[in-house]
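One-letter residues, chain by chain:
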Amino acid sequence: MKQIWLIFLKDIQQEFKTRYAINAIMLFAIVTLSAVSFSIGAYTATTRVLAALFWIILFFSSMSGLSHIFIREEETQTADTLKLVARPSSIYLGKFFFNLVLLVLLEVILIPLFIAIMNFKVVSFQIFLLTMFIGNFGLAGGGTMVAAIISKASTKGALFTVLSFPILLPVLISGISATRKAAESVKLMDAQNELQALLAYGIIIIVASILLFDFVWNE
Amino acid sequence: MSKLWKIILYTGLALIIVGAFVWAPLEPKILKEYTRIFYFHVPVAWICVLFFLIAAYYSFQFLRTKDLLYDAYAKISNELGILFAILATVTGSIWAKVTWGSFWNWDPRETSIFILLLIYGAYFSLRSAVEQEDRRARLAAVYSLLAFVTVPFFVFVVPRIYFSLHPDPVINTQGKIHLELRQRVVFFSSLIFHTVLYLWLFQMRKTQVKLQMILRLYKENKMLEE
Amino acid sequence: MNPEYVVMIVNLVIWTGIFLYLWRTDKAIKKLKQEIEELHLTEKLD
Amino acid sequence: MLNAKMELIAEKIVKRFGHFLVLKNISFKVSSGSAIAITGPNGSGKTTLVKILCNLMAPTRGQVVYQNNSQKINREDIFQYIGLVGPYLQLYQELSAQENIDFFARMRNLKNYSARVKQLMELFNLSGREHDAVKTYSSGMQQRLKYVCALIHEPEVLFVDEPRSNLDQAGIEVVYSILQEQKKDKILVISTNDQEDLTLADQIIRVGVA
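Residue numbers (the working numbering), protein chains in the order written: chain F, 1 to 219; chain S, 1 to 226; chain G, 1 to 46; chain U, 1 to 210.
Where hints are given, some of them may not hold.
If the Cβ cut is set under 7 Å, some of the chain G residues that face chain S in the computed set are [said to hold, decoys possible]:
(1) L22
(2) T25
(3) I29
(4) L32
(5) Q34
I should point out that these hints are in silico values taken from the structure, not numbers from a laboratory.
Heads up, the beta-carbon is just placed ideally off N, CA and C, and yes, glycines get one too.
Using the sequences provided together with the hints, build the complete structure.
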C-alpha cells in the first residue's frame, strides 16, 4: 500500500517538474474541441452526436497522455531501478492512480468547456458525473495496462491508440450511451445498464491487469 | 489425419452442399431465397470466434510454461482467425447489401466482428513492433488475454444498446424464425463439418510450426556447440 | 443471376482456397519431416 | 539485522533469449563475509546473470535462493536485502538528489535514514548539492549518487556492475573502501572485466566460456 502511494507521489513530483503529460493531454483536448466546434459551426447537433463527440475527444486526448508514464520509465532507463525496489502490483496501481488523476484533471477542464462551446444540455448531472467517475476507472485501468505493454515495444506512439481502442471500446460504447441518457432523462434508473457495465468493466480490467502485469514487467 | 477421416469429411461436405441447396426447404418469412447463405455464413463467423478462444488458451499456456511453441500456436490461431474474420465480414456484407440494402449497418453482430478484426489487427501490429522474440511472445500473449476478458462486454453490452437486424434462429428460440427439422439438420451438420475442416487446417499448421521449431532448435544447438 | 448460384460459387471458391492451403501446408510438412529424418532427429517427434 | 547470516545460492541457472542460450548451468553459493566476482568477455551474459540474481529477470531454468539464517526469503521481499549499482540503472533525472534518495529509502521501508545519508554524501563528496536536479550532475557524480542510493539501507547483498565506470581516481578509492567494508561481514557480488577488481573476490564465476 505504501509503495503504491510512494510511486504515485514520485510520478506526481516528476510530472510537476516536466509537465509533459498534462500539457500533451490538455492541448490535445482543446485543439480537438475547437476543431470539432469549428467544423460543426452554427449547426445544433443532436444529443446523440454530442455524446459521441464528447467521448471521442475524451478518448483521443487521453490516448495522447496516458502512455507517457511507462514510456518515460523505459526511455530514461529507470525501469530497472524501479523494478529493483517495488512489487509489480504496486507499480501498476501507482501508475494507475496517476493516470486516474490525469483523467480527472482533463475532465475538469473539458466538461465545462464542452458544455459551454457545444451547447450540450445535461439534464441529469447525477448520471453524467457518475458515468465519468466510473468510466475513468475503466479508461485509466485499460490505458495503463496497454501503456505498459507498448513501453516494451519499439514503435510506441501510434501503437498505443491501435492497441487501446479495441480494449477500451466497451467503455466508449457504454459511456456514449450513458452520456446521451444524461442529456435526455432525469432518472438514474434509466442509465442503470450502462453504469453497471462500466463498473463491471472497470473491476474486471483492473483485476486482469494486476494479474497480467507481472508478465509484462518482468523479463 | 487418416484416409478414412478424409473420406468422411469430403463426403460430408458434399452432402452439405446438396442438403443446403436441394434437400432443405427455404425459410418462407424472413430469409426466403437467402436461406442458403445462412448455412455457410454462420459457421465461418463461428470459426473466427473459436480461433480467438483457442488463441487465448494458447496465450495462457505460453505464460504458464514460457514455451515458445505455444506462442507459435497462438500466432497461427490468430492468423487463421483474422482470415476467417475477413471472409465472414466480406460474405456478410454482400448478404447485408442484398437483404438490408447497405453493406454496413452497425448491427451488433457486425460491430462484434469488426471489433474482433480490430483486436486481431492490433495483435499483429504489436507483434511486428517487438523484435526480441520472447518479449514479443510475452506481450502478445498478455494482449490476447486482455482482449479476451473484454469479450463478455461485447457479447452482453453491445446488443442491449444497439438493436439487431440479424435473424436469431438458434440462440433465440422463441424468436421470429422457426427452423424446420431438415433445416436444422443441414445447419448443425454444416457447423460441425466446418469446424472439423478448420480444426484440421489448424492441426496441420500446428504440425508444421512444431517441425520448424525442432529443426531450428537443432540448428541453433549445433551452432552453439561449434 | 439467381442468388442461390452466387452463394454456391462463393462457397466453392472459399473451399477451394482452403483446400489449396491445406495441400500446401501438407507439402511443407512432408518436406520438413524428410529434413528431420535426414538429421536423425526422429526421437524428438513425440 | 545484527549478526544475520545471509546466503545467496544460485542453482543451475539457465537463460535463453528466444533460442539463444546465454547462460548454461551456473551454480554457486556465497555467504556473509565473502565476495564473488562474475567475469567474462563482452556480451557473454555478465549483466544478464546479475539481473537474474537481483530478481530483475527470471531465469529460463534453475533458481536463485536468498537465505537469512537458513530461512528462505520470499521472492517478493528480496528487494529489502539487496542493493545494485550498474550502468543500466538510472536515477530520476528531473528529481533532485534528495528526492531520489527519499524515494528509494521509503520504498525500502526505511524511517530514520538522514544520518546515514549525510555520512554517505560526505563520503562520496556530494554534500551541498542535495537539492539540485540529477540531470545537472556530471556522469561521475551520478555514478557516486547511485552508490549512495544503493547503500542507504545497508544492504546485506551488494551487487556492483562495472565498479570503475565513470569514476575518477578519488572515486574509485572511496568505492574500493566501501567494497572492502561490505565483504567483511556481508555479501559482495561484482561483475567486472578488470583484473585488479578480481583480487577482491574469494570466488570467481566465468561466464560465456566453453
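Verification of the hints:
1. Hint status for L22(G): holds, given a least beta-carbon distance of 6 Å to chain S, under 7 Å.
2. The beta carbon of T25(G) comes within 4 Å of a beta carbon in chain S, closer than 7 Å, and the hint placing it at the interface holds.
3. Given the 7 Å rule on beta carbons, the hint for I29(G) holds: about 5 Å separates it from the nearest Cβ of chain S.
4. For L32(G), the shortest C-beta to C-beta distance to chain S is roughly 4 Å, which falls under 7 Å, so the interface hint holds.
5. This hint is violated: Q34(G) has a C-beta 10 Å from the nearest C-beta of chain S, more than the 7 Å allowed.
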